[in-house]
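Chains as they are written, first to last, in UniProt numbering: chain A, 1 to 194; chain B, 1 to 194; chain C, 1 to 194; chain D, 1 to 194.
Some hints could be false.
A pair holds if it fits inside one copy or across any two, identical chains being indistinguishable in the list.
To be verified - The calculated lysine-lysine pairs, modelled on DSS-like cross-linking and capped at a C-alpha distance of 25 Å, are:
1. 184 with 102
2. 79 with 187
3. 16 with 79
4. 187 with 107
5. 15 with 102
6. 187 with 102
7. 31 with 79
8. 79 with 184
9. 102 with 28
10. 28 with 15
Derived by calculation from the structure, the hints in this document are not laboratory data.
Protein chains: 4
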Amino acid sequence: MIYNDALNDIIENVKKTTETITDENVSKMTKIIEEVESIFIMGLGRSGLVAKAFAMRLMHLGLNVYVVGETTTPAITDKDCLIAISGSGETSYIISTTGIAKNIGSKIIAITSYPDSTLAQRSDLVLQLQGRTKIDSEPNYARRQISGLHQSLSPMGTIFEISALIFLDSIIAQMMQDLEQTEKDLKARHTVLE
Amino acid sequence: MIYNDALNDIIENVKKTTETITDENVSKMTKIIEEVESIFIMGLGRSGLVAKAFAMRLMHLGLNVYVVGETTTPAITDKDCLIAISGSGETSYIISTTGIAKNIGSKIIAITSYPDSTLAQRSDLVLQLQGRTKIDSEPNYARRQISGLHQSLSPMGTIFEISALIFLDSIIAQMMQDLEQTEKDLKARHTVLE
Amino acid sequence: MIYNDALNDIIENVKKTTETITDENVSKMTKIIEEVESIFIMGLGRSGLVAKAFAMRLMHLGLNVYVVGETTTPAITDKDCLIAISGSGETSYIISTTGIAKNIGSKIIAITSYPDSTLAQRSDLVLQLQGRTKIDSEPNYARRQISGLHQSLSPMGTIFEISALIFLDSIIAQMMQDLEQTEKDLKARHTVLE
Amino acid sequence: MIYNDALNDIIENVKKTTETITDENVSKMTKIIEEVESIFIMGLGRSGLVAKAFAMRLMHLGLNVYVVGETTTPAITDKDCLIAISGSGETSYIISTTGIAKNIGSKIIAITSYPDSTLAQRSDLVLQLQGRTKIDSEPNYARRQISGLHQSLSPMGTIFEISALIFLDSIIAQMMQDLEQTEKDLKARHTVLE
Chain A
1 MIYNDALNDI IENVKKTTET ITDENVSKMT KIIEEVESIF IMGLGRSGLV
51 AKAFAMRLMH LGLNVYVVGE TTTPAITDKD CLIAISGSGE TSYIISTTGI
101 AKNIGSKIIA ITSYPDSTLA QRSDLVLQLQ GRTKIDSEPN YARRQISGLH
151 QSLSPMGTIF EISALIFLDS IIAQMMQDLE QTEKDLKARH TVLE
Chain B
1 MIYNDALNDI IENVKKTTET ITDENVSKMT KIIEEVESIF IMGLGRSGLV
51 AKAFAMRLMH LGLNVYVVGE TTTPAITDKD CLIAISGSGE TSYIISTTGI
101 AKNIGSKIIA ITSYPDSTLA QRSDLVLQLQ GRTKIDSEPN YARRQISGLH
151 QSLSPMGTIF EISALIFLDS IIAQMMQDLE QTEKDLKARH TVLE
Chain C
1 MIYNDALNDI IENVKKTTET ITDENVSKMT KIIEEVESIF IMGLGRSGLV
51 AKAFAMRLMH LGLNVYVVGE TTTPAITDKD CLIAISGSGE TSYIISTTGI
101 AKNIGSKIIA ITSYPDSTLA QRSDLVLQLQ GRTKIDSEPN YARRQISGLH
151 QSLSPMGTIF EISALIFLDS IIAQMMQDLE QTEKDLKARH TVLE
Chain D
1 MIYNDALNDI IENVKKTTET ITDENVSKMT KIIEEVESIF IMGLGRSGLV
51 AKAFAMRLMH LGLNVYVVGE TTTPAITDKD CLIAISGSGE TSYIISTTGI
101 AKNIGSKIIA ITSYPDSTLA QRSDLVLQLQ GRTKIDSEPN YARRQISGLH
151 QSLSPMGTIF EISALIFLDS IIAQMMQDLE QTEKDLKARH TVLE
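This is chain A alone, in the form it adopts within the complex:
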């Protein structure tokens, strides 16, 4: 069953993809997040959903966090950071938005597959999740076709998105220790209105 191949393929790829993150960069990232006044997070499409999943946990940790585009998100300042999640690092809306934030003096953290992308180049810190993204999917697909594998097992940004989610949830575990927050503390901040 293709289902089982895909499941194994995704887990193996996620393992490899997250290997490119160094301990040093994890420390730099948590340091920025813990030192700024407010954290702004953004992403488009499925990367935007990963951004929101991370934002929710940062709120549970007791930090000031906002998702770009949500109703009550205020103006960003030079005391804040903007975390942008984009596999290609070239999504047009991300580029224009991080440009504005950079001019204001906010710190920019990029989560991307491409350390040479426009997004990465303007960022104070780049977390690289190597691997297949929208940009290189066409040739991969062609190779699969030739080799007899007629379907991609993880279309478009799938591996990047899942890897980003797992990477960010591991960052949360790190920050729970750094900020001396237990699961009980997090649960106390979880919305009760659902």
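Use these hints to put chains B, C and D onto chain A, whose structure you have.
Leaving out everything else, chains B, C and D in the frame of chain A:
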């Protein structure tokens, strides 16, 4: 053209609908909003969009405000208020959510057409926007049919939703004065990331 | 009470603002909407909420309608139209998005205060809601200050946003007649999962 | 570094969690999805983000899919299915919503950790992702405290949510084959307006 009849009909109905709000209730509402720690706002469907439009302006005023269901909305406490917008006052999700908030000890403000509704009865303050809502639309429709008007000029909750938006934007004008906030102050808090 | 002044001021301004829409443009707009395969709608901030309120009613009318940025919105084609709501007609994300849609061959409808704006100039049809928007608010504010009115009664895009909502709800009334849809038909399509 | 422990811990737990899904249930699930007229998807909090990530891919596959609560989601019928994602299977809004859908005659698919939960019991098909969810987190947390592990490495529903995302992306791979859809087909339906 039906378009012009509808435009006039909406404006006339909005005028009448907002007449049921007393100065006393306006004062009570702004007092609660200005005294609580955080304001939570909710509504479903188009009433939910009105709720968000109001929440955005409260953020521009510099208040702590959250939309129920958005990503970084934390747990509500007994120092907060929950403003619920519901024409019928019987929307099931609104009823269960305000029930939870009431048990926690949060103040509840209802914006509804029905002062006898379940929502209104459990609220600390009821702002009544009289007029046509989902509940009474069926008989109204029948009457229109009989009288030869084959179409409603403002289907379902239209009048309630527009009236609620205009009412709440007038509350914002009142609070700008109360809190000594100028338009310049509001603009300074407006998101720059778009 | 400033509240009452604001309420009257908003209603009066909305009346004036919607006067700039001609019957001819209403007919052109409903014709485009009724002839395309799918309708895409967008706006940012409070204009985005107005866009969603209109989209919901178009769905109730039985049309194929999508909000740009929502989860299941597909690729736009040259058989579709994109309706963009922007007071200034210069919002950066709106400009880049309508540019893409225009290249694809989609029809563009602009709802804006500025017929000379970048958005208006690239649109197949411009619905102008004259009046105060973000662009001219600074001088207006200054004039109010001089004349002794220390507060704006409708900060930033308030008048534009409310006028757009009422204008679009009047378009819905027109289309109910054009498409022979009764309120009962609309209600049958209203979500039941709330 | 806790970060690395968490990363490994999450990947190991996800592997175990997805083992409870049988090939038979995968086939049943894809069969329902491929046979209904429209697919409705829902979840709250981070489960809601997973629901949206899955909905986006089903749209890319060319299916009619709606997220409960989004702007243009129509009324569900007895020709549709509702997929509900809830770790505990007891989230109040999920219970009331699936109740309404069941009465209408829609097929219900549950993705949950608890086959005895209220959600599971009313579902036509239950996909069980065993493991830690909100319900059992309190005792687990206590055990960790006793054993000297002062922090959970994956607070609250983390493992369930990530497992659900990977499980659902594997379902997409299966359906690409079933429906003879290549990555190129999926990309052609991906939004271009970002």
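Q) Checking residue 31 and residue 79: alpha-carbon separation at most 25 Å within a copy, between copies, both or neither? A) For residue 31 and residue 79, only the intra-copy Cα distance (14 Å) is at most 25 Å; the inter-copy one is 32 Å.
Q.
Please sort residue 28 with residue 15 into within, between, both or neither, judging by C-alpha distance up to 25 Å.
A. Within. Shortest intra-copy distance 21 Å satisfies the 25 Å Cα cut-off; inter-copy 30 Å does not.
Q. What label fits residue 102 with residue 28 when the C-alpha limit is 25 Å: within, between, both, or neither?
A. Within one copy only: 18 Å inside a chain, 43 Å across chains, cut-off 25 Å.
Q: Can you give me the call for residue 187 and residue 107, within, between, both or neither, at a CA distance of at most 25 Å?
A: Only across copies: residue 187 and residue 107 sit 22 Å apart there, 29 Å inside one copy, limit 25 Å.
Q | Homo-oligomer pair classification [residue 102, residue 187; C-alpha up to 25 Å] | A | Cα proximity of residue 187 and residue 102: across copies only (20 Å, versus 34 Å in one copy).
Q: Give the relationship of residue 15 and residue 102 under a CA distance limit of 25 Å: within one copy only, between copies only, both, or neither.
A: neither (32 Å within a copy, 40 Å between copies)
Q) Checking residue 184 and residue 102: alpha-carbon separation at most 25 Å within a copy, between copies, both or neither? A) between (36 Å within a copy, 23 Å between copies)
Q: State whether the alpha carbon distance between residue 79 and residue 184 is at most 25 Å within one copy, between copies, both, or neither.
A: Intra 29 Å, inter 21 Å, cutoff 25 Å: inter-copy only.
Q: State whether the alpha carbon distance between residue 16 and residue 79 is at most 25 Å within one copy, between copies, both, or neither.
A: Neither: 35 Å inside a chain and 42 Å across chains, both beyond 25 Å.
Q | Homo-oligomer pair classification [residue 187, residue 79; C-alpha up to 25 Å] | A | Between copies, since 19 Å is at most 25 Å while 28 Å is not.
Of the hints listed earlier, those the structure fails to meet are numbers 3 and 5, in rising order.
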